[in-house]
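Take 768 as the starting number for the sequence shown in my numbering and just add one per residue.
Rather than coming from a laboratory, the hints here were simulated on the basis of the structure. Note that the Cβ used here is the ideal one computed from N, Cα and C, for glycine as well. Worth double-checking, as some hints may not be accurate.
[As the list claims (entries may be wrong)] Computed beta-carbon distance windows for the label pairs:
| # | residue 1 | residue 2 | range |
| --- | --- | --- | --- |
| 1 | Arg810 | Ser889 | 17 to 23 Å |
| 2 | Glu888 | Pro819 | 30 to 36 Å |
| 3 | Arg855 | Phe895 | 16 to 22 Å |
| 4 | Glu806 | Asp842 | 31 to 37 Å |
| 5 | Gln873 | Leu826 | 26 to 32 Å |
| 6 | Thr891 | Ile850 | 30 to 36 Å |
| 7 | Ser889 | Val824 | 18 to 24 Å |
| 8 | Glu888 | Met825 | 29 to 35 Å |
| 9 | Pro887 | Pro819 | 30 to 36 Å |
| 10 | Val824 | Asp874 | 32 to 38 Å |
| 11 | Ser867 | Glu843 | 14 to 20 Å |
| 12 | Pro861 | Ala817 | 16 to 22 Å |
| 13 | Glu888 | Asp842 | 16 to 22 Å |
[Said to hold, decoys possible] Below, a list of computed lysine-lysine pairs in the DSBU-like style, where the Cα atoms sit at most 35 Å apart:
| # | residue 1 | residue 2 |
| --- | --- | --- |
| 14 | Lys886 | Lys809 |
| 15 | Lys846 | Lys886 |
| 16 | Lys901 | Lys846 |
| 17 | Lys901 | Lys809 |
| 18 | Lys809 | Lys846 |
| 19 | Lys901 | Lys886 |
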Amino acid sequence: MASIQSGLIQQTLKPRKPYFIGFNTVGQPNPPYSLTNIELVKRDINNQFATPIGARVMLPIFGTRIYDYLFDPFDEYTKNAIIEDAVRVIQSEPRVELVSIDVYQQDQALNIVMVLLFKPESITDNMFVTFSLKDKNSF
């Protein structure tokens, strides 16, 4: 009976097979360049937030308009426009569901704080995205 129990314990401790597997070189100077599951989904979302809308060839709606709001006054209209665009980006990603979102301005930057539900694992995690005036000059 002890061998059956130890077999059950070993089965429950085995790592789960990744749902999503992808390739990433951002922030990884050396191999392996693969990402899986939540890390991959976050990288894909960050890629879309890092791309101004219309910048990708043959994908005119990929990216975000948030860079256009960096020099606007941070009033209720601008905040709502930023939230609306961020929600659009998150809704374009079928592997997550938006739980909550908030936007605030700090030190010449716009910060977006999101709580996301990652499918199919049903894990919630925070995601932070910062849009700085310094980044605007590179586009």
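Status of the hints after comparison with the structure:
1. Arg810 x Ser889: 17 to 23 Å: 20 Å, holds
2. Glu888 x Pro819: 30 to 36 Å: Check passed, 31 Å falls within 30 to 36 Å.
3. Arg855 x Phe895: 16 to 22 Å: 18 Å, holds
4. Glu806 x Asp842: 31 to 37 Å: Since Glu806 and Asp842 have Cβ atoms about 35 Å apart, the given range 31 to 37 Å holds.
5. Gln873 x Leu826: 26 to 32 Å: The hint (26 to 32 Å, Cβ to Cβ) holds, given that Gln873 and Leu826 are roughly 31 Å apart.
6. Thr891 x Ile850: 30 to 36 Å: 19 Å, violated
7. Ser889 x Val824: 18 to 24 Å: 36 Å, violated
8. Glu888 x Met825: 29 to 35 Å: Because 32 Å falls inside the window, the suggested range holds.
9. Pro887 x Pro819: 30 to 36 Å: The hinted range 30 to 36 Å holds for Pro887 and Pro819, with Cβ atoms some 31 Å apart.
10. Val824 x Asp874: 32 to 38 Å: 34 Å, holds
11. Ser867 x Glu843: 14 to 20 Å: Roughly 18 Å apart at Cβ, these two residues keep to the hinted range, so it holds.
12. Pro861 x Ala817: 16 to 22 Å: Holds, since Pro861 and Ala817 (Cβ atoms, about 20 Å apart) stay within the stated range.
13. Glu888 x Asp842: 16 to 22 Å: 38 Å, violated
14. Lys886 x Lys809: 12 Å, holds
15. Lys846 x Lys886: 28 Å, holds
16. Lys901 x Lys846: 20 Å, holds
17. Lys901 x Lys809: Satisfied, since the Cα-Cα distance of roughly 23 Å is no more than 35 Å.
18. Lys809 x Lys846: 23 Å, holds
19. Lys901 x Lys886: Holds. Lys901 to Lys886 sits at ~34 Å (cutoff 35 Å).
Checked against the numbered hints given earlier, this structure breaks hints 6, 7 and 13; the rest are met.
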